[in-house]
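Colleague: What follows is the residue order along each chain.
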Amino acid sequence: DQQVKQNSPSLSVQEGRISILNCDYTNSMFDYFLWYKKYPAEGPTFLISISSIKDKNEDGRFTVFLNKSAKHLSLHIVPSQPGDSAVYFCAASGLQGAQKLVFGQGTRLTINP
Amino acid sequence: DGGITQSPKYLFRKEGQNVTLSCEQNLNHDAMYWYRQDPGQGLRLIYYSQIVNDFQKGDIAEGYSVSREKKESFPLTVTSAQKNPTAFYLCASSDTWEDEKLFFGSGTQLSVL
Chain F
1 DQQVKQNSPS LSVQEGRISI LNCDYTNSMF DYFLWYKKYP AEGPTFLISI
51 SSIKDKNEDG RFTVFLNKSA KHLSLHIVPS QPGDSAVYFC AASGLQGAQK
101 LVFGQGTRLT INP
Chain X
1 DGGITQSPKY LFRKEGQNVT LSCEQNLNHD AMYWYRQDPG QGLRLIYYSQ
51 IVNDFQKGDI AEGYSVSREK KESFPLTVTS AQKNPTAFYL CASSDTWEDE
101 KLFFGSGTQL SVL
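If you read the sequences in order, they're chains F and X.
Residue numbering for the first sequence follows the working numbering, starting at 1 and increasing by one per position.
Residue numbering for the second sequence follows the working numbering, starting at 1 and increasing by one per position.
No lab work stands behind these hints: they were computed from the structure.
Any given hint could be a false lead.
Said to hold, decoys possible - Facing chain F, according to a computed beta carbon distance under 10 angstroms, are these residues of chain X, among others:
id : residue
1  : Tyr33
2  : Gln37
3  : Gly40
4  : Gln41
5  : Leu43
6  : Thr96
Don't be surprised by glycine CBs; every beta carbon is placed ideally from N, CA and C.
So here's chain F without its partners, still in its complex pose (with noise of 0.2 angstroms):
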């Protein structure tokens, strides 16, 4: 039973425009998000968070929106740039600690010229 849900393994972007990646969650107990980037050959570095008492947070290019009814939150990259092609991991955890994050499959993002 996956708790969180990456329903796109790819995502193809224009430089430039807006990179939308989406993230479902089941588990209503979690309160806490987060979002890793990986490049290949490298380990995930993290990105973004956001706790379930906001519905945005933002972070240069970089803005999480939760919609808590919903159980969604999405990871918006505006303007998309090369390096940002890499892999995306949307993590979730429902009580303090690393140990009870649960991560999702990942989306490859691609940056085209």
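Got chain F; can you put chain X on it based on the hints?
Modeller: Relative to the frame of chain F, chain X by itself:
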């Protein structure tokens, strides 16, 4: 330059053999984790350690063992009891066990000969 070092990058295991994956961090983090990634799946937690000389089983601990004798080191042994060891293994750390922002190593790809 602080970070997490995993070695080797590639490892091959023969039938019935135990192999050990190395993970060293110089971030002075209390907590360390081992994850396994299979194609098309999210990261799954194998073992975690909240503090030196202590470790706990994660979601898929069977066939694996760990030790945490030093704060900076958290080696993972894949034993012969692990029947499907081929996967990408990621080591991570966080400042404290309560912190969900993980720092990852670059991973070890383990394959069975």
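Colleague: Give me the numbers of the hints this structure contradicts, sorted from smallest to largest.
Modeller: none
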